[in-house]
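Peer 1: The lines below spell out each chain.
Protein chains: 2
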Amino acid sequence: MIEYERDGQAIYRQSFATIRAEADLAGIPADLEKLAVRVAHASGMVDVIRDLRFSPGAGSAGRAALQRGAPIIADCRMVAEGVTRSRLPADNAVICTLQDPRVPERASEIGNTRSAAALDFWHEHLPGSVVAIGNAPTALFRLLELLDAGAPKPALILGFPVGFVGAAESKDMLAADSRGVPFVIVRGRRGGSAMAAAAVNALATERE
Amino acid sequence: MIEYERDGQAIYRQSFATIRAEADLAGIPADLEKLAVRVAHASGMVDVIRDLRFSPGAGSAGRAALQRGAPIIADCRMVAEGVTRSRLPADNAVICTLQDPRVPERASEIGNTRSAAALDFWHEHLPGSVVAIGNAPTALFRLLELLDAGAPKPALILGFPVGFVGAAESKDMLAADSRGVPFVIVRGRRGGSAMAAAAVNALATERE
Chain B
5 MIEYERDGQA IYRQSFATIR AEADLAGIPA DLEKLAVRVA HASGMVDVIR
55 DLRFSPGAGS AGRAALQRGA PIIADCRMVA EGVTRSRLPA DNAVICTLQD
105 PRVPERASEI GNTRSAAALD FWHEHLPGSV VAIGNAPTAL FRLLELLDAG
155 APKPALILGF PVGFVGAAES KDMLAADSRG VPFVIVRGRR GGSAMAAAAV
205 NALATERE
Chain E
5 MIEYERDGQA IYRQSFATIR AEADLAGIPA DLEKLAVRVA HASGMVDVIR
55 DLRFSPGAGS AGRAALQRGA PIIADCRMVA EGVTRSRLPA DNAVICTLQD
105 PRVPERASEI GNTRSAAALD FWHEHLPGSV VAIGNAPTAL FRLLELLDAG
155 APKPALILGF PVGFVGAAES KDMLAADSRG VPFVIVRGRR GGSAMAAAAV
205 NALATERE
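Which chain is which? The protein sequence lines are B and E, in order.
Residue 162 in my numbering sits at position 158 of the first sequence; the count goes up by one each step and never skips.
Residue 147 in my numbering sits at position 143 of the second sequence; the count goes up by one each step and never skips.
Treat the hints as calculated values from the structure; they're not laboratory data.
Please read these numbers as outputs of a predicted model, since none were measured by experiment.
Careful: at least some of the hints might be erroneous.
Said to hold, decoys possible - List of simulated lysine to any residue pairs, SDA-like, C-alpha gap at most 25 Å:
1) E:157 - B:6
2) B:157 - E:8
3) E:157 - E:104
4) B:157 - E:104
Whole structure, please, built from the sequences with the hints as guidance.
Peer 2: Below, the structure written as C-alpha cells:
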C-alpha cells in the first residue's frame, strides 16, 4: 500500500492553497485571480503568473461571454479536450476546425500552416466568442490578420501558443494592439493547451 | 500583412535547431535525444531536459514496442489527442479508459480518483504497452500499486504527471523502483499532456 492523497477534491484544494501561498498575485486583478491560479495549476509552475499580461476587464468579459452562451473556439483538439464540459454555464459549444476536411487545401491556397488555415472556417462562430489558442503561433498571427481584414470580434482572446518560433512574437503583437478585443496572454515561449484550457475552465464557473 | 514564418516544416526545423543550440544534451543518451528535444519543444522550455530521468535503454525499449504494434495507454484524453496518428509505425491503438462508464463507480469502490480508477480497466492492454501519463499523479501511483499486485508489465512508462500534490512524489517513486519496467520521467512539478504526447511522438518514428 502506497501512501498518497486519493481524494480528488482534497488534491484540488491543497494544490490551489499551495499556489496561493507561493505565488505573487499582487499584480493580478480580482477578475483574473482564479484564472492565474488555474494556469499555474495546469502547468505545475507558480512563476508563470509573473508572465501573464491582460487587458483591463478581460476576465469579466470572458465570464460574461460564457454566461451568454458564447462558443469556445480552440486552435487544436487538445485545448478542446481540456475544457471541462460540466463547468460550462450555458452548454457552450466547443469548436475546433483543425480537422475540417477543407483545411489542408486552404493551407496550400494561403501558403500557411493548417493551424492558421483552420481559422478561415471560424467566421460564423467568431462574434462574441471566447478564442483559446494553446498550440500554434501561426493561429494567433492569422487571427490578427483576419481581425485586420474586418473579421467579427471575439469577446476574449486567450493567447497561449507555445514554442520557439513565433510564440513570444505573436503574443507580444496581440498585447501591443489587440484590435480592441480583450485578451489574456502568457509572455514568452511558455504556453500550451493545458494552460489555454485551464483559462477557459477558470472563467466558466466560480467553483474551484 | 504581418511578417511571420508560415511554413510548418521550417517552423519545426528552426525550433529543433534552437533547442539543440541552447540545450545541455550531454547527459541524454542517443536513444532519448529526440525525445528530449520534443519534450522541450512541446513545453517551450529547454531547461526541462535537465529534469529528465530514465532507465538505461528506455528509448530503445519504447521504440521497439511501438514497432511491434504496442498499444499506447494514456491517462487522459488530452494525451491521446496529442499522439500524432500518422507517426505511429503500426497503426498502434491509442487507449484511454477515463471515460469508461464503469470508472465513477470503481473510483467510489477503491476510494480513489477517477484517473486512478481508470487504470483498473487497462489490464488486457498492459502487456508490452507504452503507458503515457500526462496528467494525474494518482494514475502513476495506481500503476505502481497494480504492478506490485502482479499486473502485466508495460514495455515503457512515460511518467509526466503534473502539479502540486503527488506529481513530484509519484515520479520519484517510479524512478527509485520502476518494478523492472523501463521508464522516462521529468522530475518535479512540471509535466503535462503535451510533454507525454511529445514523448510518444518522438519514439514513434525517427522522422523529425
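Peer 1: Determine for every hint whether it applies to the structure shown.
Peer 2: Cross-check of the supplied hints:
Of the pairs offered as hints, the one joining residue 157 (chain E) and residue 6 (chain B) holds, with about 18 Å between alpha carbons and a cut-off of 25 Å not exceeded. Of the supplied pair hints, the one linking residue 157 (chain B) and residue 8 (chain E) holds, its CA atoms being roughly 22 Å apart against a limit of 25 Å. A threshold of 25 Å between alpha carbons decides the hint, and for residue 157 (chain E) with residue 104 (chain E) the separation of about 22 Å falls inside it, so the pair holds. This hinted pair does not check out: residue 157 (chain B) and residue 104 (chain E) have alpha carbons roughly 38 Å apart, beyond 25 Å.
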